[in-house]
Amino acid sequence: MNVKFAGLGGTGVIKASDVMAELVFEQGYDVKKAEVHGMSQRGGSIASDVRFAKDEEVQSPMIPCGEADYLVVFDETQVVVNEAYMKQGGVLLTPADIDVSKLENVKALNVAMLGKLSKYFDFTVDQWMVALNKLFAEKFHEGNKKAFMLGREG
1 MNVKFAGLGG TGVIKASDVM AELVFEQGYD VKKAEVHGMS QRGGSIASDV RFAKDEEVQS
61 PMIPCGEADY LVVFDETQVV VNEAYMKQGG VLLTPADIDV SKLENVKALN VAMLGKLSKY
121 FDFTVDQWMV ALNKLFAEKF HEGNKKAFML GREG
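Take the sequence shown: its position 50, counted from the start at 1, is 50 in full-length UniProt numbering, and no numbers get skipped.
A few of these clues could be false.
Capping the alpha-carbon separation at 20 Å, the derived lysine to any residue pairs in SDA-like fashion look like this [what the hints assert, rightly or not]: (1) Lys15 x Lys107; (2) Lys145 x Val130; (3) Lys32 x Gln59; (4) Lys107 x Glu67.
Simulated restraints, written as ranges between beta carbons of each label pair [what the hints assert, rightly or not]: (5) Glu138 x Val80: 30 to 40 Å; (6) Ala34 x Leu92: 16 to 26 Å; (7) Ala84 x Asn105: 26 to 36 Å; (8) Val79 x Asp99: 35 to 45 Å; (9) Val106 x Asp126: 20 to 30 Å; (10) Glu138 x Gln27: 21 to 31 Å; (11) Val91 x Asn133: 18 to 28 Å; (12) Glu138 x Lys87: 29 to 39 Å; (13) Lys119 x Ala53: 12 to 22 Å; (14) Ser101 x Glu57: 19 to 29 Å; (15) Gln59 x Asn105: 30 to 40 Å.
For the record, the hints were derived by calculation from the structure and aren't laboratory data.
Every residue gets a Cβ at the ideal spot worked out from N, C-alpha and C, and that includes glycine.
Using the sequences and the hints, build the whole thing.
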């Protein structure tokens, strides 16, 4: 399975991919992760690939063009930049898929996007929450659960 996260620096791309990688690792999958930062610290493009498999070893952390099962973008400008990575029939998720006006904190968009992505996998909400809570400070746990559920239910 290949999941590509993309956005602009500061939008939580790396943290979202960390959560995905942690989740699948804890469920016994072989997982590889790669990041492309570029000028991300200045709001430039950033992408992170998460590749995982249950019964085989993942050989490379980088998703080749045309092989992403899911492309999750946190900024609409990154669709065109990254769409070549999507496989035929792949799933594109953008902030337009969520009612972002209902987010209590706009910085939680990445968590809401994980909630939207979670609908495509068989992992439980509790499994996702364990991964999220492991990677975020406790003060963010309640807000993250709300953002995650907004994405999942939206």
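Hints, one by one, checked against the model:
With a C-alpha separation of about 11 Å, the suggested pair Lys15 and Lys107 falls inside the 20 Å cut-off, and the hint holds. Restraint check: the Cα-Cα separation between Lys145 and Val130 comes to about 11 Å, which is no more than 20 Å; the hinted pair holds. Simply put, Lys32 and Gln59 have alpha-carbon atoms about 8 Å apart, close enough for the 20 Å limit, and the pair holds. For a cut-off of 20 Å, the pair hint linking Lys107 to Glu67 is broken: about 29 Å separates their Cα positions.
In this structure, Glu138 and Val80 meet the distance hint of 30 to 40 Å, their C-beta atoms being roughly 38 Å apart. Taking the beta carbon of each, Ala34 and Leu92 are about 20 Å apart, inside 16 to 26 Å as hinted. For Ala84 and Asn105, the Cβ-Cβ distance of about 32 Å falls inside the hinted range of 26 to 36 Å, so the restraint holds. About 19 Å separates the C-beta atoms of Val79 and Asp99, a value inconsistent with the hinted range of 35 to 45 Å.
Taken as a hint, the range 20 to 30 Å holds for the pair Val106 and Asp126, whose Cβ atoms sit roughly 26 Å apart. Range check, Glu138 to Gln27: about 23 Å between beta-carbon atoms, so the 21 to 31 Å window is met. Checked against the hint of 18 to 28 Å, the pair Val91 and Asn133 passes, with Cβ atoms roughly 26 Å apart. Between Glu138 and Lys87 the C-beta distance comes to about 38 Å, which sits within the given range of 29 to 39 Å.
At roughly 21 Å, the beta-carbon separation of Lys119 and Ala53 lies within the given 12 to 22 Å, and the hint holds. Remark: the range hint 19 to 29 Å for Ser101 to Glu57 is contradicted by a beta-carbon distance near 43 Å. Range check, Gln59 to Asn105: about 38 Å between beta-carbon atoms, so the 30 to 40 Å window is met.
Hints 4, 8 and 14 from the list above are not met by this structure, while the remaining hints are.
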